[in-house]
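Residue-level listing of the chains:
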Amino acid sequence: MPMTLSEKILARASGLKFVNAGDVVEPKVDLAMSHENAALVLHQFKEIYNGLNTEPKVWDPGRIAIIFDHRIPAESSKTATNQKRVRDFIASQGITKFHDIRGDEGGICHQILPENGYVRPGSVVVGTDSHTTTHGALGAFAFGIGATEMASVWALGNALNIEVPMTIKVVIDGQLSPHVSAKDVILFLIGLIKADGANYRALEFHGSTIRTMSTSSRLVLCNMAVEAGATVGIVPPDSETARYLREEAGVSDQLWLESPDIDAVYDRVVSIDAATLAPQIACPHTVDHVKSVTDVEGKRVDQIVIGSCTNGRLDDLAAAARLLKSRKVHDRTRMLVFPASWKIYKEAMDLGYLKDLMEAGAVVMNPGCGCCLGVHQGALGDGEVALSTTNRNFKGRMGNPTAEVYLCSPEVAAASAIRGAISDPREI
Amino acid sequence: MSKVIAVLGDDISTDHIYPGRFMATVLPSETPQYCFADMTELNAALKAGRFPAGSFIVAGSNFGCGSSREQAASTINGYGLIVVARSFARIFLQNAVNLGLQLIICPRIEANEGDDIELKADILLNKTTGKSYEIVPLPKLRQAIMEAGGLVAYTRKLVKARLDQS
Chain A
10 MPMTLSEKIL ARASGLKFVN AGDVVEPKVD LAMSHENAAL VLHQFKEIYN GLNTEPKVWD
70 PGRIAIIFDH RIPAESSKTA TNQKRVRDFI ASQGITKFHD IRGDEGGICH QILPENGYVR
130 PGSVVVGTDS HTTTHGALGA FAFGIGATEM ASVWALGNAL NIEVPMTIKV VIDGQLSPHV
190 SAKDVILFLI GLIKADGANY RALEFHGSTI RTMSTSSRLV LCNMAVEAGA TVGIVPPDSE
250 TARYLREEAG VSDQLWLESP DIDAVYDRVV SIDAATLAPQ IACPHTVDHV KSVTDVEGKR
310 VDQIVIGSCT NGRLDDLAAA ARLLKSRKVH DRTRMLVFPA SWKIYKEAMD LGYLKDLMEA
370 GAVVMNPGCG CCLGVHQGAL GDGEVALSTT NRNFKGRMGN PTAEVYLCSP EVAAASAIRG
430 AISDPREI
Chain B
936 MSKVIAVLGD DISTDHIYPG RFMATVLPSE TPQYCFADMT ELNAALKAGR FPAGSFIVAG
996 SNFGCGSSRE QAASTINGYG LIVVARSFAR IFLQNAVNLG LQLIICPRIE ANEGDDIELK
1056 ADILLNKTTG KSYEIVPLPK LRQAIMEAGG LVAYTRKLVK ARLDQS
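Residue numbers (the working numbering), protein chains in the order written: chain A, 10 to 437; chain B, 936 to 1101.
I should point out that these hints are in silico values taken from the structure, not numbers from a laboratory. Glycine included, every Cβ here is placed at the ideal spot set by N, Cα and C. Be aware that a few hints might be false.
As the list claims (entries may be wrong) - Under 10 Å between C-beta atoms, here's a sample of chain B residues computed to sit facing chain A:
#1 ASP973
#2 GLN1029
#3 LYS1095
Generate the whole structure from the sequences, applying the supplied hints.
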């Protein structure tokens, strides 16, 4: 029986030969990730054991990853106390994949997992963060769950009642034009199929554009798959996946490099000609409100944000630094840069990117998520306009319901920083 | 029979339901104060206890899109409201089931604020307009979690069974 990549992974993790879309399975979990919301997971985990006369014990402390990234350093005593509770729990349970705020290893969860080789092709990854879809870039079936569901995973080691999703095959062919990147591809796709276009579905990425894409770019695609409602975004693992894992993530063991069956059954096929794409912008207040940059050029911007789990990787910082070197951020605009991890921060420092960005007037922040979701560092004022490489632009997202957030690639963000208004990087 | 207290559009995100700036608050007992915090009138009316439990919120498609933050489900659940939408985003629906928040998938629902709604077995009757609408049932296994009183209770049973076996 032919299977899509998601069906193959779920069959394997559930101990079955075959599964079909619509089947309900209870796959074993290879990695269970959470961040500061581990505080709520912990609360619910203890509730599960309430009245059972046994000490709560996680199923496998080696398969749980906890990364502090949403509110670091703690913005309030409430957060600090929650973090303290989680640290105590981590120590008492012997959880090893813990990344605290540390300059030698910390960062944003969706960078820390790939960077440390925690994600393998063919594995099942759950995370208490909707952007857990990111890890499909390495050929994992990776999806977001809530805190109570994570508490259940901590107790049992498997996810419960998972419906095998139907798969949408996305075929992207052709060479991207200069100054057009993975971010433009995924924004275009979301604009095309809309915010609920892949609801309860898997997005499986194919085509020559994907095959020649770096893992860093594939992470951008899969990161935003959830913005079309997808359960997972997934790239069939290939020689680039193997290269990334060996060379950049230090993984030396055997990899599962399966492809979907050629006659697998898809819900539908969406084709995109990459060569025709211009830089894209998602306009307020939905991620699927996507336009070509030329349609919004000249819109004045108060704050530019480069970074986050979407576009805070080394090539993103390099692209921004290239445009901003020997230029200045416009004096009516402020620019914040959030590298995705401290490893990237250091590499960008060693390569001179941070110097170029700072000399242009950007402020390089510590790796973290806070600004993206409006909880910490970089909130907007009344009526202000932000242009950001992050992944959401919902009303109120950056901490102010009267502000507007536009989403774009690092190159569009850097070009716009120079002019203080939305600009096309092809014209800089 | 209960009243529709608010009619919302498509793509109501978790940021509308529970803005990120309140995410340091996690416990289900503490989250209701921030329910629809940026819709100030609705938030004030909820906090003032102006709507009895069992009142309806009616929305379009993709309700609950965005974050996996469970506060978005617990904050509404704190008021005992029922959410009727044309469709729900996946993670929000799962969180709602896990916490026992009542959701109704009703692909053609039409209602205005103040309408009286009655829930029957597989239809939703808008008594004000006289029209009735079909409901899409939740998948069986999700119903089982709802019937257990939520995922904590459901998982507790499974953990207990494992402990008894070993």
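Output the numbers, in ascending order, of every earlier hint that fails for this structure.
Every hint satisfied by this model.
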